[in-house]
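Visitor: If you're matching them up, the sequences are chains A and B in order. Numbers 5 to 459, taken from our numbering, label the letters of the first sequence in order. Numbers 5 to 459, taken from our numbering, label the letters of the second sequence in order.
No lab work stands behind these hints: they were computed from the structure. For glycine and all other residues, C-beta sits at the position ideal for the given N, C-alpha and C. Just so you know, not all the hints are guaranteed correct.
What the hints assert, rightly or not - Partial list, derived from the structure: chain A residues whose beta carbon lies under 10 Å from chain B:
{"no.": "1", "residue": "D43"}
{"no.": "2", "residue": "L187"}
{"no.": "3", "residue": "T295"}
{"no.": "4", "residue": "P430"}
2 protein chains.
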Amino acid sequence: MKTLYTSETPKLIGKDVTLQGWVWTIRDHKKVVFIDLTDRSGIVQVVGGPDLAKLSVEDVIEVKGLVKKRPDHLTNDKIPTGAIEIEAHDIKVLSRSEPLPFDISKDEIDVTLPTLLDFRSLSLRHPKVRSIFQIQEVIIDAFRRGLKERGFVEFQSPVIISQTAEGGAEVFEVKYFNYKAFLAQSPQFYKQIMVGVFEKVFTVNKTLRAEPSMTTRHLTEATTLDAEMGFIDSWIDVMDTAEYIIKYIFGQINYACKDILEQHKTTTPKVAKEIPRLKLRKAQQIIFDRTGRDNRNEPDLEPEDEREICKWAIEERQSELVFITHYPVSKRPFYTFEDPNDPGYTLSFDLLGRGIEWLTGGQRIHNLKKIIENAKNRGIDIKKSELYLQAFRYGMPPHGGFSFGSERITMKVLNLDNIREASLFPRDMERIDVHLPTYFKNHETKKENSKTEEK
Amino acid sequence: MKTLYTSETPKLIGKDVTLQGWVWTIRDHKKVVFIDLTDRSGIVQVVGGPDLAKLSVEDVIEVKGLVKKRPDHLTNDKIPTGAIEIEAHDIKVLSRSEPLPFDISKDEIDVTLPTLLDFRSLSLRHPKVRSIFQIQEVIIDAFRRGLKERGFVEFQSPVIISQTAEGGAEVFEVKYFNYKAFLAQSPQFYKQIMVGVFEKVFTVNKTLRAEPSMTTRHLTEATTLDAEMGFIDSWIDVMDTAEYIIKYIFGQINYACKDILEQHKTTTPKVAKEIPRLKLRKAQQIIFDRTGRDNRNEPDLEPEDEREICKWAIEERQSELVFITHYPVSKRPFYTFEDPNDPGYTLSFDLLGRGIEWLTGGQRIHNLKKIIENAKNRGIDIKKSELYLQAFRYGMPPHGGFSFGSERITMKVLNLDNIREASLFPRDMERIDVHLPTYFKNHETKKENSKTEEK
Numbered sequence: 005m006k007t008l009y010t011s012e013t014p015k016l017i018g019k020d021v022t023l024q025g026w027v028w029t030i031r032d033h034k035k036v037v038f039i040d041l042t043d044r045s046g047i048v049q050v051v052g053g054p055d056l057a058k059l060s061v062e063d064v065i066e067v068k069g070l071v072k073k074r075p076d077h078l079t080n081d082k083i084p085t086g087a088i089e090i091e092a093h094d095i096k097v098l099s100r101s102e103p104l105p106f107d108i109s110k111d112e113i114d115v116t117l118p119t120l121l122d123f124r125s126l127s128l129r130h131p132k133v134r135s136i137f138q139i140q141e142v143i144i145d146a147f148r149r150g151l152k153e154r155g156f157v158e159f160q161s162p163v164i165i166s167q168t169a170e171g172g173a174e175v176f177e178v179k180y181f182n183y184k185a186f187l188a189q190s191p192q193f194y195k196q197i198m199v200g201v202f203e204k205v206f207t208v209n210k211t212l213r214a215e216p217s218m219t220t221r222h223l224t225e226a227t228t229l230d231a232e233m234g235f236i237d238s239w240i241d242v243m244d245t246a247e248y249i250i251k252y253i254f255g256q257i258n259y260a261c262k263d264i265l266e267q268h269k270t271t272t273p274k275v276a277k278e279i280p281r282l283k284l285r286k287a288q289q290i291i292f293d294r295t296g297r298d299n300r301n302e303p304d305l306e307p308e309d310e311r312e313i314c315k316w317a318i319e320e321r322q323s324e325l326v327f328i329t330h331y332p333v334s335k336r337p338f339y340t341f342e343d344p345n346d347p348g349y350t351l352s353f354d355l356l357g358r359g360i361e362w363l364t365g366g367q368r369i370h371n372l373k374k375i376i377e378n379a380k381n382r383g384i385d386i387k388k389s390e391l392y393l394q395a396f397r398y399g400m401p402p403h404g405g406f407s408f409g410s411e412r413i414t415m416k417v418l419n420l421d422n423i424r425e426a427s428l429f430p431r432d433m434e435r436i437d438v439h440l441p442t443y444f445k446n447h448e449t450k451k452e453n454s455k456t457e458e459k
Numbered sequence: 005m006k007t008l009y010t011s012e013t014p015k016l017i018g019k020d021v022t023l024q025g026w027v028w029t030i031r032d033h034k035k036v037v038f039i040d041l042t043d044r045s046g047i048v049q050v051v052g053g054p055d056l057a058k059l060s061v062e063d064v065i066e067v068k069g070l071v072k073k074r075p076d077h078l079t080n081d082k083i084p085t086g087a088i089e090i091e092a093h094d095i096k097v098l099s100r101s102e103p104l105p106f107d108i109s110k111d112e113i114d115v116t117l118p119t120l121l122d123f124r125s126l127s128l129r130h131p132k133v134r135s136i137f138q139i140q141e142v143i144i145d146a147f148r149r150g151l152k153e154r155g156f157v158e159f160q161s162p163v164i165i166s167q168t169a170e171g172g173a174e175v176f177e178v179k180y181f182n183y184k185a186f187l188a189q190s191p192q193f194y195k196q197i198m199v200g201v202f203e204k205v206f207t208v209n210k211t212l213r214a215e216p217s218m219t220t221r222h223l224t225e226a227t228t229l230d231a232e233m234g235f236i237d238s239w240i241d242v243m244d245t246a247e248y249i250i251k252y253i254f255g256q257i258n259y260a261c262k263d264i265l266e267q268h269k270t271t272t273p274k275v276a277k278e279i280p281r282l283k284l285r286k287a288q289q290i291i292f293d294r295t296g297r298d299n300r301n302e303p304d305l306e307p308e309d310e311r312e313i314c315k316w317a318i319e320e321r322q323s324e325l326v327f328i329t330h331y332p333v334s335k336r337p338f339y340t341f342e343d344p345n346d347p348g349y350t351l352s353f354d355l356l357g358r359g360i361e362w363l364t365g366g367q368r369i370h371n372l373k374k375i376i377e378n379a380k381n382r383g384i385d386i387k388k389s390e391l392y393l394q395a396f397r398y399g400m401p402p403h404g405g406f407s408f409g410s411e412r413i414t415m416k417v418l419n420l421d422n423i424r425e426a427s428l429f430p431r432d433m434e435r436i437d438v439h440l441p442t443y444f445k446n447h448e449t450k451k452e453n454s455k456t457e458e459k
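Next up, chain A with everything else stripped away, as it sits in the complex (with noise of 0.2 Å):
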């Protein structure tokens, strides 16, 4: 099994090591040829005689050699290897490459975006495009210490259900032997249910959104990042919860991501003491102050009110991360909790970076006949979804949660232009690993060849 990364050479100057990983550049000066070989955790550079050049891009091959100090006026301060090199001795071919279809040894993939998702299994290896992927799971895994820290629970909340009430539209529908189900949208309710076992639960979940349209910021497959929490005095509790939670995270990502920000020219935003929090209504009078626009109306807040009030927290209070909260009761979901003191209003929040949502939460009605009433309002068959039901039906705290995108945090921290950068393998209307339209029209045609040449 391998033992030993490209990273770690430098201190073994005068050792011989055995290396593998892939074929990053070949440059043949004929009698000497150089490699560059990379894995995972960088690379380096390997001296050979002319066999070296028989190699291909991406070749998988083992190195035996000798880990030399090159002479001063070689080394290569881009690369912390570059004081070092390996003479090679022996090398064996574990796997041959085609020849590419793009150059992934620049610092930059030259392609454009779906040609980067096209080529997936390819362009992750770029260590720009994989460092993506390092940062989010760092995101992920800090998301549960931090809640761990805090005496929440993880749990696993499931991917098919049977009822639609939470969703309309925009969700999948399965073929279930002969029933018909549907894909989770959101753990919203068993994360509710759980609260009433552990009281405090997270879940790190697959959700899944027939979202018809495609924009840059949204996915049909997504890893949500969800909380909730039981015996809370108000709804502050859950906001002060999320605040904290995200701060922790950017504390993980600045402690263990350093050279990946350093990679993609960012930083983790920049925060106030306390996140400033204001009231929708009062976000949009500032909106109108600061522009003219007069959306004081509305009941939600359009993207470009979304940048401006955005714009605002920076300017005015010092902070890229701002709350909105009390959203109308009729832009929220039927379990949301009306503000006592602000009828029409709830106890709800979203969090706002970097000019786009980043965590929506709030406070849970909970009790039942509230939640009957609600959802009747609403037109939603909710005695269809009993277990969340029974859990009110016998007994369930005060409570409220919250719910992160990873792919959002990840995009808006490194400063993507396009959400799909952010997930591994990206899907949306027209895409599942491949592009449908495309693949299906490709495919077909083959179909109808494949007809003609059975006559």
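Mind docking chain B on chain A? Use the hints.
Guide: Frame of chain A, contents of chain B only:
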């Protein structure tokens, strides 16, 4: 926000406290009433006046009171808080419960499994039921932690897939806009792709299988623990890692869940210093020698064979776990590596314990041509799995991996009778939260009734 748990009260004798939780039992002695208050940490006795008798089991309450030492003759050794009680000053009802369908205050809930599941939101609150999911999260967390310690990187594998190369009939179909898509039965293809990116990877993932059977050990939705590793010297590296991680998991259970193991009157399986490793043919010979049952030419072990070889491992090797290796090529997926020294048999293994399979794994083919050829021989249209082939087209190292079912581990560690007990919200042919045939029968009836009413 709640800050004090019932389990913390014994160290607060003489102090005024505020506790929140559910009413567990009520003992009405007229002038004096005792209630047991429960939360996720345990129970504590509350004593008060006749007002307490108005409460119902599972009411959610807040108790303000004084922690008092009980007289010596009234202590209860069976609970950790049995030496104290809370003298209630003030009780506030946060939420009311309806009468329960069955008693949940006993050591065991005395109802059938279907009833337990029909009332899942309630039955999960029982300490012994709840504990199953505490241990399950310790198992999942240990899987993550143990592999991270060995340099594995976590990744998020998709649920929706476009092709079904791996599965056959047992795959769920999804209506995906204008296309037909499927639910992933395993993260197999994606974890192999990710070996090309991070070399050593793991994923905790929902896997969906349209199991048309109603056994005690199959679910349609499971949380599987998958790992895959590149640059192996041989398949033995993979089996060694599987052995390491299951022992690591047992270590974490023994460290963190002593009380739960006691509650379920069990221990983690006893394992030998090295878990015995037997070729399938050898295992069949042993079974034949021990029982006279001649399955020596069968391509797999029958359930009774699995039980018998587990008995052998305990009796002859003092190990409750045993690896069975070298399943025939025909019984393993097309990507499985054939043993060059034992043609017709694969470099694959299952881990059996306490009578059933816990894990399956092996080395995979990393040569593109061979994969395409094998798939073709099995009638699999692998060219549809474009990203999978792409990984091999651009150089893949020798690699292998394994897959556990978290519910299987939970079930067998706790000696549960049915795997449904080891899934929070188990799904099978006939159940998604509710029992589907019953539900739809009632629902249809209601529909007809409402039609009648409309007339």
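Visitor: Determine for every hint whether it applies to the structure shown.
Guide: Evaluation of the provided hints:
Restraint check, D43/A versus chain B: the minimum CB separation of about 7 Å is within 10 Å; hint holds. Against a cut-off of 10 Å between C-beta atoms, the interface hint on L187/A holds, since the closest Cβ of chain B lies about 7 Å away. For T295/A, the shortest C-beta to C-beta distance to chain B is roughly 37 Å, which exceeds 10 Å, and the interface hint is violated. Given the 10 Å rule on beta carbons, the hint for P430/A holds: about 9 Å separates it from the nearest Cβ of chain B.
This entry does not satisfy hint 3, going by the numbered hints stated previously; all others are met.
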